[in-house]
Amino acid sequence: MKFDWIDLSIIALYIVLSIFIGFWISKKAGKSLQNYFLGGNQLKWYYLGLSNGSGMFDVSGAAWTVTIFFVYGLKSVWIPWLWPVWNQIFVMIFMAVWLRRSNVMTGAEWITTRFGNDRGGKFSHIIVVVFAVISAIGFIAYFFVGIGKFAVMIFPWDLSFSLGRVHIISEYAYATILLTITTLYVIKGGMYSVVATEVMQFFVMTIACIAVAWFAMKHVSAEQIEASVPNGWFDIVPRWDGGLDWTDIFAQANDKIAEDGYGMLGAMVMMMLFKGIFSSLAGPVPSYDMQRILSTKTPRDAAKMSGLTSLVLYPPRYLMIAGLGILALVSVGPMLEASNGTFDFEKILPFVINNLLPVGLKGIILAGLLAAFMSTFSAFVNSAPAYIVNDLYKKYINPNASGKRYIRISYFSSIGMVVVGIIFGFFSASINSLTLWITSSLYGGYVAANVLKWVWWRFNGYGYFWGMLAGLAGSTIKFLFFPATPDIYLFPIILIMASAGSFLGCLFTKPVDDDTLIEFYKNVRPWGWWKPVYLKAKKKYPGITKNKDLPRDAFNIVIGIIWQTVLITAPVYFVLRKPQGVLISLAVFILTSIILKFNWLDKIKDYETSV
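In terms of the numbering used here, the sequence shown is residues 250 to 860.
Hint data in this document are derived by calculation from the structure and do not stem from the laboratory. Note that CB positions come from ideal geometry on N, CA and C, so glycine has one too. Any given hint might turn out to be false.
Straight-line alpha carbon distances no greater than 25 Å define the calculated BS3-like cross-link-like pairs of lysine-lysine that follow [claimed, not checked]:
{"no.": "1", "residue 1": "Lys795", "residue 2": "Lys854"}
{"no.": "2", "residue 1": "Lys846", "residue 2": "Lys293"}
{"no.": "3", "residue 1": "Lys787", "residue 2": "Lys759"}
{"no.": "4", "residue 1": "Lys797", "residue 2": "Lys780"}
Per label pair, the in silico range of CB-to-CB distance [to be verified]:
{"no.": "5", "residue 1": "Leu832", "residue 2": "Lys467", "range": "20 to 26 Å"}
{"no.": "6", "residue 1": "Ser409", "residue 2": "Leu433", "range": "20 to 26 Å"}
{"no.": "7", "residue 1": "Val668", "residue 2": "Met519", "range": "55 to 61 Å"}
{"no.": "8", "residue 1": "Ile839", "residue 2": "Ala803", "range": "19 to 25 Å"}
{"no.": "9", "residue 1": "Ser470", "residue 2": "Gln501", "range": "22 to 28 Å"}
{"no.": "10", "residue 1": "Val668", "residue 2": "Ile839", "range": "44 to 50 Å"}
{"no.": "11", "residue 1": "Gly665", "residue 2": "Leu799", "range": "28 to 34 Å"}
{"no.": "12", "residue 1": "Lys467", "residue 2": "Trp273", "range": "34 to 40 Å"}
Please model the entire structure based on the sequences and the hints provided.
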């Protein structure tokens with residue numbers, strides 16, 4: 250495509266500003282590991298919330314969400330339950346407080362507060378590090394595929410070249426360049442650089458989202474949208490059979506539905522609900538979301554930060570998703586003709602930017618999407634090396650090294666993980682395939698052991714190790730031998746494998762020692778099956794009380810999921826010119842916000858004082 254100098258100037262200014270901020274603030278990161286990875290626990294919760302929301306707004310995810318909005322319409326709001334998106338509500342309501350009370354640096358280090366430092370505890374510690382590294386590499390590959398597909402349709406230069414018999418296409422060349430630029434400022438400045446650049450990137454993205462929605466609503470009428478979609482596209486209720494037939498409008502969309510495995514959308518939603526409850530109870534995976542929680546000043550700040558993440562993430566994101574989606578709906582015919590009968594749905598987003606946006610707005614949205622990519626990628630590149638440095642090198646190899654040496658090791662760890670992630674990205678078929686594998690297979694193997702660690706006192710480090718290992722084995726078997734089967738349908742099998750490993754590994758070995766369990770229970774105070782530990786803790790700490798908040802937490806979670814959902818539906822209805830949907834969404838948002846204010850926010854406790 251041909252760039253106007255205005256668009257190029259906007260993009261160049263954004264990239265230079267990101268790099269400048271990242272390097273300018275990097276001097277604060279070099280003092281210690283605590284400063285480098287957690288910002289010294291001195292960062293304001295609202296900066297971390299903006300940073301976390303920015304980090305969750307990535308290009309690959311945006312491209313995927315535009316695709317599912319185009320194909321499934323309003324029913325697409327349910328499909329992100331694959332992750333599930335509402336695991337953030339579980340974190341907001343109680344999980345962030347439980348995690349932050351530990352005062353540790355990483356999820357792996359947190360495991361030692363639960364299982365101790367005996368052999369079982371060390372096994373559990375190592376398996377968390379392995380999972381954190383594998384999931385980070387998977388996400389880097391996911392970003393590599395997404396940004397490559399985006400960049401090759403946006404930028405006009407052909408960067409393909411050959412190295413002997415190996416041919417590197419432009420898609421991979423662009424992705425490698427953008428990953429390299431982001432990695433440079435992340436490894437230099439650590440958490441300070443990540444948060445500072447992500448806050449700036451959040452405002453760039455928000456401006457871009459509002460601008461795209463305004464342009465789309467100005468140029469696409471409600472009547473045009475109606476004429477471009479099949480019956481049932483505006484129906485938000487997920488039907489058992491999907492309820493969409495694109496045959497008379499765009500038959501390839503039917504093939505896309507079949508390929509995704511979402512034809513029985515009603516069944517999918519039930520499976521996603523089943524999986525999502527278990528996944529959310531497991532807590533956040535050892536990634537950047539957990540790092541933001543551990544970076545806050547207090548447990549109460551951790552909960553507020555998690556709530557702010559949903560509040561700032563979804564309205565602007567879905568303004569852009571809906572805006573780009575309706576622009577694509579009325580122009581898909583020319584797109585199909587230009588592709589000679591073949592069509593990559595995952596390139597809808599860059600096609601719309603390429604062909605439909607005017608000078609100036611094109612530069613703004615490109616800067617916004619680059620910001621989305623860089624913020625999410627930088628969050629992973631900063632969080633994952635903490636496990637290698639703090640939980641492997643410092644703990645087992647060189648516990649007495651200087652802070653500068655630890656940070657230097659982090660540099661090499663970051664670079665190594667990015668390189669491996671890029672290699673995996675070369676062999677990944679699509680964004681959707683990586684999304685499904687990460688959310689349903691890989692995370693499915695994480696669930697059993699991580700639910701049990703919270704709710705059952707008898708669960709030990711050996712059970713955790715074998716449960717995680719069985720889950721990873723199940724997800725790998727699925728990836729290698731059943732690639733065509735939708736991942737969500739194999740989640741129960743992977744869950745059973747992981748549960749069997751957890752229970753067998755636990756019941757054939759000794760419980761965690763009493764001192765570790767008592768201190769963990771005193772500090773974290775989870776609900777669940779903790780009666781034997783509670784009775785022992787009562788003798789040591791006579792003032793200790795049981796956590797009786799489960800009914801309230803469960804009620805708040807239901808309210809919170811509704812609250813989060815209308816943050817998605819309101820901007821979509823607004824762009825589609827559906828005033829009734831907007832008003833209902835806003836009314837529900839106000840009501841649920843009031844309930845959460847009095848039944849959640851006002852009742853958050855930093856630490857239990859009755860001991």
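Verification of the supplied hints:
{"no.": "1", "hint": "Lys795 to Lys854", "in the structure": "holds, 14 Å"}
{"no.": "2", "hint": "Lys846 to Lys293", "in the structure": "holds, 20 Å"}
{"no.": "3", "hint": "Lys787 to Lys759", "in the structure": "holds, 22 Å"}
{"no.": "4", "hint": "Lys797 to Lys780", "in the structure": "holds, 12 Å"}
{"no.": "5", "hint": "Leu832 to Lys467: 20 to 26 Å", "in the structure": "holds, 22 Å"}
{"no.": "6", "hint": "Ser409 to Leu433: 20 to 26 Å", "in the structure": "holds, 24 Å"}
{"no.": "7", "hint": "Val668 to Met519: 55 to 61 Å", "in the structure": "violated, 40 Å"}
{"no.": "8", "hint": "Ile839 to Ala803: 19 to 25 Å", "in the structure": "holds, 22 Å"}
{"no.": "9", "hint": "Ser470 to Gln501: 22 to 28 Å", "in the structure": "holds, 25 Å"}
{"no.": "10", "hint": "Val668 to Ile839: 44 to 50 Å", "in the structure": "holds, 49 Å"}
{"no.": "11", "hint": "Gly665 to Leu799: 28 to 34 Å", "in the structure": "violated, 43 Å"}
{"no.": "12", "hint": "Lys467 to Trp273: 34 to 40 Å", "in the structure": "holds, 38 Å"}
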